[in-house]
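> Listed below are the residues making up each chain.
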Amino acid sequence: AQSVTQPDIHITVSEGASLELRCNYSYGATPYLFWYVQSPGQGLQLLLKYFSGDTLVQGIKGFEAEFKRSQSSFNLRKPSVHWSDAAEYFCAAGSTGASKIIFGSGTRLSIRP
Amino acid sequence: GAVVSQHPSRVICKSGTSVKIECRSLDFQATTMFWYRQFPKQSLMLMATSNEGSKATYEQGVEKDKFLINHASLTLSTLTVTSAHPEDSSFYICSAREGRQGGVKGGTEAFFGQGTRLTVV
Chain D
386 AQSVTQPDIH
396 ITVSEGASLE
406 LRCNYSYGAT
416 PYLFWYVQSP
426 GQGLQLLLKY
436 FSGDTLVQGI
446 KGFEAEFKRS
456 QSSFNLRKPS
466 VHWSDAAEYF
476 CAAGSTGASK
486 IIFGSGTRLS
496 IRP
Chain F
8 GAVVSQHPSR
18 VICKSGTSVK
28 IECRSLDFQA
38 TTMFWYRQFP
48 KQSLMLMATS
58 NEGSKATYEQ
68 GVEKDKFLIN
78 HASLTLSTLT
88 VTSAHPEDSS
98 FYICSAREGR
108 QGGVKGGTEA
118 FFGQGTRLTV
128 V
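These protein sequence lines are chains D and F, in that order. Per the working numbering, residue 386 is the first one in the first sequence, and the count goes up by one each step. Per the working numbering, residue 8 is the first one in the second sequence, and the count goes up by one each step.
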């Protein structure tokens, strides 16, 4: 069955520190992969996406993610977090066309001053 | 990027009444839209896939008579929560992907509405 796993429910990092949020997927074929961010009570904003090609993907707000086929992973990274990065982060996967996207359970990021 | 508008953003209704939520793709055509439900501090659970001009496809465990979906045009899908109860209180989010089922124009991200906070009292 298709699934997206985010093993970390809650992560706290200090402002200015580096960040890595983990995501693993289980799919029949290589899916399209996404990272979304959600602030409390808000909708979702796309941070970045991977469809094919270069496995290191750059996104908005200084985020990047690396697709590793051998590990079925798509981890999100940021070299230096800001207090405004505190939010819920969702990894998601979908396939071609207009088919559905499934989400991981999310990782809540808190920033320590 | 493309814009998906969801309305209303917040609604309070009495038990037993029905509530309609609209999802519009403003600058692209979406033959398929998706409806998600999100409980507090949880992930998004896909409820149904809304197909323009045909019946929606519901995920297992979702009551199709409770959550009526209509996708009458290429830019509008509606979710109606019928005979609402307090346990239906939740955050509902719609999304749309550009392109058609079958991958004619595939590989695009989903654009999300801002969500609707439904409270049933």
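Hints listed in this document are in silico derivations from the structure and should not be mistaken for laboratory results. Check each hint, because a few of them may be wrong.
[What the hints assert, rightly or not] Derived list of chain F stretches under chain D, where covered just means 3 residues or more per stretch with a C-beta under 8 Å from a C-beta of chain D: (1) 49 to 60; (2) 83 to 91.
[Said to hold, decoys possible] Computed Cβ-Cβ distance ranges for the label pairs, DEER-style: (3) F:R124 to D:R493: 43 to 51 Å; (4) F:S90 to D:S469: 39 to 47 Å; (5) D:S490 to F:V10: 26 to 34 Å.
[To be verified] Here are the simulated DSS-like cross-link-like pairs (lysine-lysine), alpha carbons at most 25 Å apart as the crow flies: (6) F:K73 to F:K48; (7) D:K434 to D:K485; (8) F:K48 to D:K446; (9) F:K73 to F:K27; (10) D:K434 to D:K446; (11) D:K485 to F:K21; (12) D:K434 to F:K48; (13) F:K71 to F:K21; (14) D:K485 to D:K453; (15) F:K48 to F:K62; (16) D:K453 to F:K73; (17) D:K453 to F:K62; (18) F:K62 to F:K27; (19) D:K453 to D:K434; (20) F:K21 to F:K62; (21) F:K48 to D:K485; (22) F:K62 to D:K485; (23) F:K27 to F:K71.
Beta carbons are placed, not taken as given, at the ideal position from N, Cα and C, and that holds for glycine.
> Which hint numbers does the structure go against, in order from smallest to largest?
2, 3, 11, 15, 16, 17 and 20
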